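Visitor: The primary structure of each chain is shown beneath.
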Amino acid sequence: MQLTKPIQASPGMSRAVAPWAGVNMRFGLLGACLLAISLATAIFWWPASAAAEGADDPLGSPMWSEMKAQFFANASFVFDDRVKVLVPSIVENQAQVPVTADARALQDVRKLVVFADLNPIQHVLTLGVLKAEPFIAFRMKVEQGTPVRAAALTGDGVWHVGGVFLDAAGGGCSAPAMARNDSDWTDTVGHAQGKLYRELDGSVRARFRLRHPMDTGLARDNTPAYFIEKLDMRSDAGEQLATLEIREPVSEDPTLTMVVRLPLQDAGLTILGRDNHGEEYRSVIPAGWRQSAVGAAGAAAER
Amino acid sequence: MAVIRQKQLRSATCGSGQSSPASGRGISRRAALERLAAVAALPLIVGAFDEAAAAPLNYSLKPVAITEGVWVLYGVPEAIDRNNGGAIANVTIFDTSDGAVIVDSGPSKRFGLSLVECARSLTGKGVARVYLTHFHPDHVFGNQAFEAQALAAPQGVIDGLATLGEDFASAMYHAAGDWMRGTELVLPGKVVIDGVEEIGGRRFVTTVLAGHTNSDLIVREATSGVVVAGDLVFLDRAPTTPHADLPKWRSSLEHIARIDAQHIVPGHGPVEDGFRGAVQTREWLAIVEETIREAFERGLSMNEAMTSPLPDWTKSIALARYEFERSVMHFYPKLEAGNWPRVDKPI
Ligand SMILES: [Zn+2]
Chain L
118 MQLTKPIQAS PGMSRAVAPW AGVNMRFGLL GACLLAISLA TAIFWWPASA
168 AAEGADDPLG SPMWSEMKAQ FFANASFVFD DRVKVLVPSI VENQAQVPVT
218 ADARALQDVR KLVVFADLNP IQHVLTLGVL KAEPFIAFRM KVEQGTPVRA
268 AALTGDGVWH VGGVFLDAAG GGCSAPAMAR NDSDWTDTVG HAQGKLYREL
318 DGSVRARFRL RHPMDTGLAR DNTPAYFIEK LDMRSDAGEQ LATLEIREPV
368 SEDPTLTMVV RLPLQDAGLT ILGRDNHGEE YRSVIPAGWR QSAVGAAGAA
418 AER
Chain S
5 MAVIRQKQLR SATCGSGQSS PASGRGISRR AALERLAAVA ALPLIVGAFD
55 EAAAAPLNYS LKPVAITEGV WVLYGVPEAI DRNNGGAIAN VTIFDTSDGA
105 VIVDSGPSKR FGLSLVECAR SLTGKGVARV YLTHFHPDHV FGNQAFEAQA
155 LAAPQGVIDG LATLGEDFAS AMYHAAGDWM RGTELVLPGK VVIDGVEEIG
205 GRRFVTTVLA GHTNSDLIVR EATSGVVVAG DLVFLDRAPT TPHADLPKWR
255 SSLEHIARID AQHIVPGHGP VEDGFRGAVQ TREWLAIVEE TIREAFERGL
305 SMNEAMTSPL PDWTKSIALA RYEFERSVMH FYPKLEAGNW PRVDKPI
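In the order they appear, the protein sequences are chains L and S. The numbering of the first sequence is this note's numbering, which starts it at 118 and goes up by one. The numbering of the second sequence is this note's numbering, which starts it at 5 and goes up by one.
Hint data in this document are derived by calculation from the structure and do not stem from the laboratory. Remember, predicted model here, so these are calculated numbers, not experimental data. One should not assume that every hint holds.
[Claimed, not checked] Pairs of lysine-lysine residues, derived as DSSO-like cross-links and limited to a Cα-Cα distance of at most 27 Å, are as follows:
| no. | chain 1 | residue 1 | chain 2 | residue 2 |
| --- | --- | --- | --- | --- |
| 1 | S | K338 | S | K252 |
| 2 | L | K347 | S | K349 |
| 3 | L | K248 | S | K349 |
| 4 | L | K347 | S | K338 |
| 5 | S | K129 | S | K194 |
| 6 | L | K201 | L | K185 |
| 7 | L | K248 | L | K228 |
| 8 | L | K185 | L | K347 |
| 9 | L | K201 | L | K228 |
[Said to hold, decoys possible] Just a sample of chain L residues kept apart from chain S, beta carbon distances all over 12 Å, derived:
| no. | residue |
| --- | --- |
| 10 | P175 |
| 11 | A190 |
| 12 | Q224 |
| 13 | Q239 |
| 14 | T243 |
| 15 | D338 |
| 16 | G385 |
| 17 | S400 |
No residue lacks a Cβ here, since even glycine has one placed at the ideal position from N, Cα and C.
Using the sequences provided together with the hints, build the complete structure.
Guide: Below, the structure is given as structure tokens:
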């Protein structure tokens, strides 16, 4: 942990981080410190020994060749600035780091994968783009500074890769641990809240929050993995607009922003979900500004 | 508008180390460069690096006199990091015939020990009382240098520290590194309520407010007219909001604006005679709240919201964008939980 900062010191770079404890409990692989030291070593070696390793990677990650193999196998890929990843300049709470992946500048995107090289579990989520925009915002857990990348698969079979380095160093006068209140989560699991917003081009922006502990299974207290693994965004008629494969790094109470092309007459967006215990969830977010929503949201909800 | 009066009645440098005019408080530039060079020459072994990083760190405290017998140690207008050792908040020292009275103890044990020395060199006496304005770590982790009975804070501050202190300590170690060595949480032994405490010929009027956190103490020393406002008031440094309650904060600022004050010491930023700090803090909070709500109502993601434009006047505020980003992360979850309708349906 001591290693990274002086070497990478960037004065003026803002940093603040939530305390480890809460994250550690829920996400710790070996305990934050152990892991941090090993990763710090990796980062320290970066400029010297990993230069060749990450040579073709703009972020110079020592994990790049492994990431390539894991996410693209033998498919071709290009680094492409049109695939944007937004992260805050400070990690305020390591259990809830907001990330936005946006490949709307590309045409014909079929899939958008988000991964973080230096996370214990690298794969964060995969958005299947059907009648939707290649755009997803969410919050994730991080153990350490890491590249956060988005890879957009276009119809020609090429992956377009963008990303940023998330600086998780530093911390201080910041939010307390967001440890879950264990006594009441069972009462709220599956509760959903959300709202649809009109986009200028007629598409619909959905923001949605589903209460769920999202346990990684990596915590030292042996809490087993328990997380939402799949969401399906559907029209009133049941047509799939987008799919979302969610993995353990997505934060507790997943809070998502997506853009879908909801049919014009539809009263709302239906979101079907399933967790890794097989529990199913269903939500309907009304398109409040649409005439059809007034009476029909209820009908959609009944279906 | 406020009249800015920064006359230096008596200034000094506390602490045993050399002060560096260039870097102000904190490790001197030269020492930092030497450390960096030493690090570069080291074998790439974690333990070896830690030894090098343990080269003596020294807060060179520079008290600035604001009126007769009252000094402020200014925090740097930065985020907590390994160069400033967390010394980002203001600390106030009053001379009384019974000893020094200090408001806020600083970020670390090392700072607290330097602070005791500093108070002694200024007053020639020991420390009679330390008031803590609130539970944030940059204000309280110097506590170890003092007797628990000398440390006084509202019950809400003590409770907050008891709950969050360990997490704050980890976060501070993570952010400030070796400056924190040996620092442990020490809870105040005395509860402060609204009232007056007379110490060595001075009258300390304590008022417990809230808004920056759930318990924010302001201390007005009646003979000098110095008001120590803690983090209810920021000046030329963007306010922090991790535990903020904005309506309460606003009414506390109204309260402060009615106080008969000769000098106001903000939690962060320069001491001034007028209420510019309180006004600026109120305006900042209004901008932040409005901008974030607007972004939320447009359906923007947190990251998109963070890029919202801020008014031009905030350009002269240190850490404006940084604190705005943090505030988005503090307020967005509350807006989402509080404003979106329930949409789950039975399967
Ligand atoms: Zn504070």
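Visitor: Of the numbered hints stated previously, which ones are contradicted by the structure, given in increasing order?
Guide: 16, 17
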